[in-house]
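S.K.: The listed protein sequences correspond, in order, to chains A and B. Counting along the first sequence from 1, when you hit position 105 you're at 105 in my numbering, and nothing is skipped either side. Numbering-wise, my numbering comes out as the position in the second sequence, counting from 1, plus 210.
Any given hint could turn out to be false.
[Said to hold, decoys possible] From the structure, some residues in chain B lie toward chain A, with a derived Cβ separation under 10 Å:
| id | residue |
| --- | --- |
| 1 | 230 |
| 2 | 232 |
| 3 | 263 |
| 4 | 265 |
| 5 | 275 |
| 6 | 283 |
| 7 | 284 |
Note that these hints are calculated values from the structure, not bench results. We treat Cβ as the ideally placed atom computed from N, Cα and C, and that holds for glycine.
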Amino acid sequence: MNAGPTQPRPANQHMRRNPPIAGEEEAIEKARNGDARAFETLYAMHKRRVYSLCLRMLGNVAEAEDLTQEAFLQLYRKIGTFRGDSAFSTWLHRLAVNVVLMHLRRKGLPQVSLEETLEPSQDDGPRKDIGARDLTLSGSIDRVTLERAIENLPPGYRLVFVLHDVEGYEHNEIAEMLDCSIGNSKSQLHKARMKLRDLLHSGQRKEQIA
Amino acid sequence: MSVLRAMEKTMTCSEFQESLPDLFEAHAEMAAQDHLRTCDNCAALVRDLEYIASQAKLLLPMHDPSPAVWDNIQQAIRSTPGGPPSSGHAQSGRK
């Protein structure tokens, strides 16, 4: 896999999520020309977003911090290659995604999970036992609950869900990143949402019992 | 009525749920799906999946890395052959 960020076509959601940041353009230009303070400014602007991405993809604080560090070191080395074809944050985000995926490939875990989850299982099959009336999620899930449920997704599901539903990547982009088919990406996303639904309903039931 | 429409009407829950990834991807109008008019379970499922997807889009970056991350970045940059872009920096990036 190419560790460097490509210049992704700016999907609408990426643009929506990457509005221009005041002072960013100047900081980029200065950092490209070797200004350490400007690089620190870029770090301050983007550390939260990059770290949150790493944490959601990995579900592990120590690994997320290590890869945030790695992402910014790559930024330091590659900022001269940023051409401005897309928003800087989109470009940096893709760089961070690639850093995480490289790490996961080295570990070998999610890719295995991704393939394993292609096989239908009883857990992932159509569910008919959940009633429509008493267990509707709408309006009942707060951010913390959803974040916790995402953390509990199997790694392969979590990757696709975070990339598509949280970060706004398209299936063709995810397929390219994960080296899988577009159909596989769609299938994984659906299974991830189904699994999340189960997790969220389980949480609701526990709350009701308590 | 088209053949497709006729098939849709007689879909089982399992068949309908198998078609869901494509329906979502195509941004199909769920309210227009015949199966949902007669199946409360699948209607609830679709509502939940739409809700999950919509809530996920609202998740914002909420966590900051520890200050040690920036310390490590600085240290690594300093030890990079050729040195950092320039010397000196403030600590303003720290929490």
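S.K.: State for each hint whether it applies.
M.R.: Here's how the hints hold up against the structure:
1. Interface hint status for residue 230 of chain B: upheld, as the beta-carbon distance to the closest one in chain A is roughly 6 Å, under 10 Å.
2. With a least beta-carbon distance of about 7 Å to chain A, the hint placing residue 232 of chain B at the interface is held under the 10 Å criterion.
3. Look at residue 263 of chain B: its Cβ gets to within about 5 Å of chain A, closer than 10 Å, so that hint holds up.
4. Annotation: residue 265 of chain B was flagged as interfacial toward chain A, and the flag holds, the nearest CB pair being 6 Å apart, inside 10 Å.
5. At a threshold of 10 Å, the smallest CB-CB gap from residue 275 of chain B to chain A is about 4 Å, leaving the interface hint in force.
6. At about 5 Å, the closest approach between the beta carbon of residue 283 of chain B and any beta carbon in chain A falls short of 10 Å, and the interface hint on this residue holds.
7. Taking 10 Å as the C-beta contact cut-off toward chain A, the hint placing residue 284 of chain B at the interface holds, the least distance being around 8 Å.
The structure is consistent with each of the numbered hints, conforming to all of them.
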